[in-house]
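A.B. asks: Sequence:
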Amino acid sequence: VSGTVVPYSTRSEFYEEEVGKGVRIRIESGFKGSSIIHDSDILMILNEIYALRATKISLNGKRIMPYTYVRCVGATVIIDDVPTQISPIVIEVLGDYDYLVSGLGLLKEFFKGREIEMTFLPLEFITIPAGGG
Numbered sequence: 009v010s011g012t013v014v015p016y017s018t019r020s021e022f023y024e025e026e027v028g029k030g031v032r033i034r035i036e037s038g039f040k041g042s043s044i045i046h047d048s049d050i051l052m053i054l055n056e057i058y059a060l061r062a063t064k065i066s067l068n069g070k071r072i073m074p075y076t077y078v079r080c081v082g083a084t085v086i087i088d089d090v091p092t093q094i095s096p097i098v099i100e101v102l103g104d105y106d107y108l109v110s111g112l113g114l115l116k117e118f119f120k121g122r123e124i125e126m127t128f129l130p131l132e133f134i135t136i137p138a139g140g141g
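The numbering of the sequence shown is this note's numbering, which starts it at 9 and goes up by one.
Calculated directly from the structure, the hints in this document are not laboratory data. One should not assume that every hint holds.
Stated by the list, open to error - Pair ranges (Cβ atoms, derived):
{"no.": "1", "residue 1": "92", "residue 2": "23", "range": "16 to 26 Å"}
{"no.": "2", "residue 1": "130", "residue 2": "52", "range": "18 to 28 Å"}
{"no.": "3", "residue 1": "138", "residue 2": "77", "range": "10 to 20 Å"}
{"no.": "4", "residue 1": "123", "residue 2": "25", "range": "31 to 41 Å"}
{"no.": "5", "residue 1": "117", "residue 2": "89", "range": "32 to 42 Å"}
{"no.": "6", "residue 1": "135", "residue 2": "93", "range": "11 to 21 Å"}
{"no.": "7", "residue 1": "29", "residue 2": "81", "range": "26 to 36 Å"}
{"no.": "8", "residue 1": "56", "residue 2": "130", "range": "14 to 24 Å"}
{"no.": "9", "residue 1": "121", "residue 2": "23", "range": "36 to 46 Å"}
{"no.": "10", "residue 1": "89", "residue 2": "48", "range": "15 to 25 Å"}
{"no.": "11", "residue 1": "28", "residue 2": "83", "range": "29 to 39 Å"}
{"no.": "12", "residue 1": "120", "residue 2": "25", "range": "26 to 36 Å"}
What the hints assert, rightly or not - With a cut-off of at most 25 Å between alpha-carbon atoms, the simulated DSS-like pairs for lysine-lysine come out as follows:
{"no.": "13", "residue 1": "116", "residue 2": "64"}
{"no.": "14", "residue 1": "116", "residue 2": "29"}
{"no.": "15", "residue 1": "70", "residue 2": "29"}
{"no.": "16", "residue 1": "29", "residue 2": "64"}
{"no.": "17", "residue 1": "116", "residue 2": "70"}
Built from N, CA and C at the ideal position, the CB exists for glycine as well.
All chains, please: the whole structure from these sequences, using the hints.
C.D. replies: Shown next as structure tokens:
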């Protein structure tokens with residue numbers, strides 16, 4: 009599964025490093041079939057983050073930008089042709105911690121039912137890397 013997870017923008021903001029307050033979301037999969045993280049799970053989380061109006065996001069240290077795609081191949085997550093580990097998944101988002109965590113609460117419960125752990129850590133300083141050109 010691949011898909012666009014970022015609303016289209018012509019602004020240059022995606023190509024600049026961003027620093028600010030926010031939340032680190034850590035998702036760890038288990039070892040059973042139902043507790044393995046899939047690309048559809050990652051896209052579900054990213055889409056929910058965008059529904060919460062956050063636009064400055066990194067996934068495993070890579071900036072999420074317009075037309076970023078995410079897919080899984082075995083035990084590897086591919087982000088725009090760059091392989092990264094599947095567990096843990098670390099998503100960093102600039103924005104209001106309480107608002108973001110509140111909005112992601114249902115997803116946390118959904119993953120808990122599949123024995124996938126989703127934790128939130130408030131951070132005073134998060135650096136979202138610049139995107140590629």
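A.B. asks: When you take the CB atoms of residue 120 and residue 25, is the distance between them in 26 to 36 Å?
C.D. replies: Given a distance of about 34 Å, which is inside 26 to 36 Å, the answer is holds.
A.B. asks: Run the distance test for residue 116 versus residue 29: straight-line Cα separation, threshold 25 Å.
C.D. replies: holds, 21 Å
A.B. asks: Hinted pair, alpha-carbon criterion (25 Å max): residue 116, residue 64. Please report holds or violated.
C.D. replies: holds, 21 Å
A.B. asks: Lying within 26 to 36 Å: is that true of the beta-carbon distance residue 29 to residue 81?
C.D. replies: Since the Cβ atoms of residue 29 and residue 81 sit about 34 Å apart, the hinted range of 26 to 36 Å holds.
A.B. asks: Can you let me know if the beta-carbon spacing of residue 92 and residue 23 is within 16 to 26 Å?
C.D. replies: holds, 21 Å
A.B. asks: Is 11 to 21 Å respected by the C-beta to C-beta distance linking residue 135 and residue 93?
C.D. replies: About 20 Å separates the Cβ atoms of residue 135 and residue 93, which means 11 to 21 Å holds.
A.B. asks: Note whether the CB distance of residue 56 and residue 130 lies within 14 to 24 Å or breaks it.
C.D. replies: holds, 18 Å
A.B. asks: Note whether the CB distance of residue 121 and residue 23 lies within 36 to 46 Å or breaks it.
C.D. replies: This hint holds: roughly 39 Å between Cβ atoms.
A.B. asks: Just tell me: holds or violated, for the beta carbon distance of residue 28 and residue 83 against 29 to 39 Å?
C.D. replies: Holds, at about 32 Å.
A.B. asks: Given the hint that residue 116 pairs with residue 70, test it: the Cα-Cα distance must not exceed 25 Å.
C.D. replies: Holds, at roughly 22 Å.
A.B. asks: Given the hint of 32 to 42 Å, check if residue 117 and residue 89 actually sit that far apart at their C-beta atoms.
C.D. replies: holds, 33 Å
A.B. asks: So the hint says 15 to 25 Å: do the beta-carbon atoms of residue 89 and residue 48 match that?
C.D. replies: holds, 19 Å
Comparing the model with each earlier hint shows no violations; every hint is respected.
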